[in-house]
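Protein chains: 2
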Amino acid sequence: MRHMLFASAAVLAFAGASSAKAEEGMWTYDNFPIARANQTLGTNIDQAWLDRVRLSSVKFGGCSAGVISGEGLVMTNNHCVATCVANLSTPQVQYAETGFTPKSREEELKCPGGSAEILTDITDVTARVQKAGEGLDGQAFTQAREAEAGRIETEACGSDPKIRCQVVSLYRGGQFKLYKFRKYSDVRLAWAPEDRAATFGGDLDNFSFPRFAIDAAFIRLYEDGKPAATPTHFTWNPNKPTEGEPVFVTGNPGSTQRLLTQSQLMTIRDVVLPMDQLIASELRGRLIRYSEEGEDQAFIAMDPIVGVENTYKRGLGRMRALTDAAFMAKKAEAEADFRARAAGGQTDPWTTLEAVQPLARELYAPMALLEGGTGLGTTSVAGGSSLFNWARTLVRGAQERAKPSDQRLPEFADSRLPGVQSGLFAERPTYPALEQIRLEWWLSKTREWLTVDSPYVRTLLGKESPEGLSARLIEGTQLADPAVRRALWEGGLPAVQASTDPLIQYALAIDADARAVRAQWDNTVKAPTDRASEQLAAARFAVYGDAVYPDATGTLRLTYGRVEGTDVPGQRIPAFTTFAGLWDRATGAEPFNVAPKLLAAKDRIDPNAVMNMAVSSDTIGGSSGSPAVNAKGEIIGANFDSTVLTQRNAYGYDRNVNRSVIVTTQAVTTALRDVYGMDHLIQELGVAPKAAPRRARR
Amino acid sequence: MRHMLFASAAVLAFAGASSAKAEEGMWTYDNFPIARANQTLGTNIDQAWLDRVRLSSVKFGGCSAGVISGEGLVMTNNHCVATCVANLSTPQVQYAETGFTPKSREEELKCPGGSAEILTDITDVTARVQKAGEGLDGQAFTQAREAEAGRIETEACGSDPKIRCQVVSLYRGGQFKLYKFRKYSDVRLAWAPEDRAATFGGDLDNFSFPRFAIDAAFIRLYEDGKPAATPTHFTWNPNKPTEGEPVFVTGNPGSTQRLLTQSQLMTIRDVVLPMDQLIASELRGRLIRYSEEGEDQAFIAMDPIVGVENTYKRGLGRMRALTDAAFMAKKAEAEADFRARAAGGQTDPWTTLEAVQPLARELYAPMALLEGGTGLGTTSVAGGSSLFNWARTLVRGAQERAKPSDQRLPEFADSRLPGVQSGLFAERPTYPALEQIRLEWWLSKTREWLTVDSPYVRTLLGKESPEGLSARLIEGTQLADPAVRRALWEGGLPAVQASTDPLIQYALAIDADARAVRAQWDNTVKAPTDRASEQLAAARFAVYGDAVYPDATGTLRLTYGRVEGTDVPGQRIPAFTTFAGLWDRATGAEPFNVAPKLLAAKDRIDPNAVMNMAVSSDTIGGSSGSPAVNAKGEIIGANFDSTVLTQRNAYGYDRNVNRSVIVTTQAVTTALRDVYGMDHLIQELGVAPKAAPRRARR
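Protein chains in written order, with the numbering used here: chain A, 1 to 698; chain B, 1 to 698.
Everything labelled a hint here was simulated from the structure, so no lab data went into it. Please read all numbers here as calculations on a predicted model, not as lab measurements. Be a bit skeptical, because a hint or two may be false.
Note that the list lumps identical chains together, so a pair holds whenever it fits in one copy or between two copies.
Quick list of in silico lysine-lysine cross-link-like pairs, DSSO-like style, CA-CA up to 27 Å [as the list claims (entries may be wrong)]:
| no. | residue 1 | residue 2 |
| --- | --- | --- |
| 1 | LYS103 | LYS226 |
| 2 | LYS597 | LYS403 |
| 3 | LYS597 | LYS103 |
| 4 | LYS240 | LYS597 |
| 5 | LYS597 | LYS463 |
| 6 | LYS602 | LYS463 |
| 7 | LYS463 | LYS313 |
| 8 | LYS226 | LYS162 |
| 9 | LYS162 | LYS177 |
| 10 | LYS632 | LYS240 |
Using the sequences and the hints given, assemble the complete structure.
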């Protein structure tokens, strides 16, 4: 029986490139296959169910979350609030060590720069955006469509700070939708467990199952200084989940590349992933050594190391997928099938895309390193240095705001300025040593990958070394002070040009090169890719109808599956883990040490309570924090991870392999009630306040 | 004209897999294509010329070198003596900074553990070795052939410490030859320039051309405490080389993989190189950060960083080759041609090798990390920790010496023990911090790649962390003391088993696992690969006769080409660089700062003297230090590098791309005479002692 299931699922596994079946698909809410889902799962959800779930789903930074009370309480993952926790901490008060456990709402603390939003409306604007690009090519094509998107956003949202509008590209340009959000700019931390309770096993257990992590945290939406009223919310279900039960996962999966052609995937395999991974690995080494230099250094480096390791491990899974001959053969078959069915059309977008690849391969490194935003990989400008990125935002923001909105770089269109400002003015700490490590590493890797004789590198370094230049810039800059950033932003171009801040001067000096690389990329890679992708999307609709779902783009999706284990090479993945399993796995040595407060509560905790569960839903990075919802619309967990093998999900869904890893509401209830004494939250969730009865062990 | 040449050369480029043409080939001295070389180059070398060149060629550690006087003077690369220089230095006396410039032979210093050898005889022993393996498979096959090789070596060399015998496998088992060497165990450093004079441009200019590096150094062979008499030697030619002139390069290229099949190459592309490169990149990051912690740290980390960066950059070039669609298509064509011609034989070694690959892919990580010696990649046990490797040698040496020679692991056969001992007893410094970085990194990467749930990892770590365990082992061990190592070696198994040294105890505790992995590898990967490769070799001889050369194996080869530039994508590579070019390229910032003594000599140096030259000979890592010889048999330079694009040389020769980078004897003469005042060496080389006339600049 198992074998039969396996065989049939294998055939379905790559439908992503054509039409989706069974549990595959990260569906938009306006094209969710209600009938198919009900048939597959034996449920009976309807449009009203979908609307309630959508209005209870929250986007929080790059993560997902769900409203769980009428007073703005929201559950997400602990790793989604890690930066907030770090920003609220100091070397003296480290909430990652202790957990953040306010005893009342008054003690909830605002996450610097944090904001959250709920998707309220979807409108089709495909015709308008596509029309704007008609007859154009190269950067003019890109620019015209972006400008039209900016106009649509401004028209729809005006300057109301409580709403945000975003034109979303779906099916790689096949559709454009206007998404309208209710926005909350005051987000406060309401509870976070000890970091180790959420990260038991650290990087070793990351992207794996069985798993024993309470990777959950609560935030609260505020408006006008008070908890926001959120009448539509999930009902908290603190009970043990059932193996085989249907689960819906609602969230914002970040990015998939399932609709890419074979030639595009080869560019990712041969060029993008190797560079991204190799340089990330060096940064990881630098940060690890830095963290060993002392306690302060360990504190400062913790959050960055977790970030680098997470991205890196995901990349490893993707490298494995793209070099898995069987997996790739199925991708190739699916493409051949599509191509055969689409034959007879006037264009051959596959050939166009193949012709773009040599340029994409050549330009990936300079574009990723100097400008970012390739949409292909993870390498970012300045190694993620906050100070440099603020400097660039100030410089470009000043330059761009001097132009009419529709002639600006799209990220500075009027409709996007509130988001730019909230990032720029956020009161969060920076650490000079960390900033210098990032900048030095970035300069050094840029010199290495573009070569020392590149004109770009000459501009970047002049006669200085990466070590000397990064030290000079970080020592001299005042941009760590939010007031300085605000003054420069408000002072506009004259203030920026008159600034003697070395980082502002540096961002000014290297900006022309970065813009030139971007123009070259847009003209020779992005624009032809976008046009060909639009043709592919049209062909796909023609061949497969609307039984296809778009690639993930960081926008709200609904996916579904069951609580279910699986067999993967060399390993049985169970459906559940329990607290008893945690006690078994603990060695006492980091990262397999149980968090102290959690350990102290051992006798109060039901050893059979389920900590984490595996679900066959179709999720990917960005789905972190996604509410896991049962057929009644109750929240039963928060998605927080998947497995290394599941990383192939970027390129295709494979039901035999792919598992979402979800922390259960039962585990969170246990933590709140039996470990951290968060009685006011337990009450707010409507859970009985008494502790679980003590049990004799064994 | 250029286009025509390019096209025809491209056709020849992959002959490596079949029969070699033009300048391709790393030829053994007993099968050198004299007639073809003379015809191609317009020279008239003969067997006597070959014998003289061979007897003037030296193997020095993993490098090559050439005898340049009758009194044991030998030129190699500075980077080949870098470890010797580091071992002779202390944080107070840093010869890398100052250069090593003894004013007489009496001041020459012995390189700890250094030895050198000259190939005197070659005998065919193919029949004997192949017969030993007949009818066997798995580890028995491997073991029987290795044992026979050990017997042959012992029979031929006895226990004479001045000769060494080695059975060399050529054509991946197609031939076995007994190589007999004259061995010198007392090698002294006679001159080394300032490190920066040899490494101008550092890692950035490494594997590139144009180049401005005096990467040369002199050692001297001693016997019985006196300079060795070396009547056969190269004549020193201090003159400017001529563009287009024929050049022979004689040395010990380390390893090529040109005879591997497509399926084997895919394993390297998908599994071996990614793991090797990714983990090396992290070590690089750890070492870079460590080197920035202080001056002592910078001194300690210098040599290791250079080593890691060199290996890593070479790996990058190889990754690019294996993902270059055009390059790989030609390799595939050559294989198809060979396979078609070989059809009709009884076996299909290609299919056998393809069937081995899933196992090779699965076992590469455990084999490389726990045991080493995969023959495929660069990852080594314990991250290259000297202390750990000594511990393992002591443990295994004791265990193995308790058995008859032909039942031991082959590296402990009687004929190999002198080499083992000389490495073990060498008086060279170790640095605890560096040792710990290596060990910690290795433990951490092994845990990551094999997973925390691997039984091997459980043995490796127990309940400890990589950080804690590595600290405990390095703090407690006494193995840094050569006398301790000698006592343990001489005490044999009882001494080792009774030792309380934590590193000895640790090496004992983890040894069974490492041996088990090795047995599995030998049985399921190595033995079937060796057998199939032997069949392939037989087929290759049958199809192409002896117009094929074997893969490089670190044994002496002769290759040839011309002093010649080339055009590669985006760049013109010239034939020469001069000192004038060095002055132009210098910025003053590391690593583009001219070494102080070299800079001080600027006015004494002829700006038109040639520093480095590009030669179309077929070389690879291990060819470092190889004498570049003209048609008259005079030495005109020392090979020290190639370019990143040339790294495809591991898989196939491409005349349009491949260039050896060679430091000229003119540059070395200039350095000795005009910079470092090495008058006694200038005299020994027979060069006029006067400095070049001063020239008015501009």
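> Which hint numbers does the structure go against, in order from smallest to largest?
Replying inline: Of the numbered hints, just 2 does not hold.
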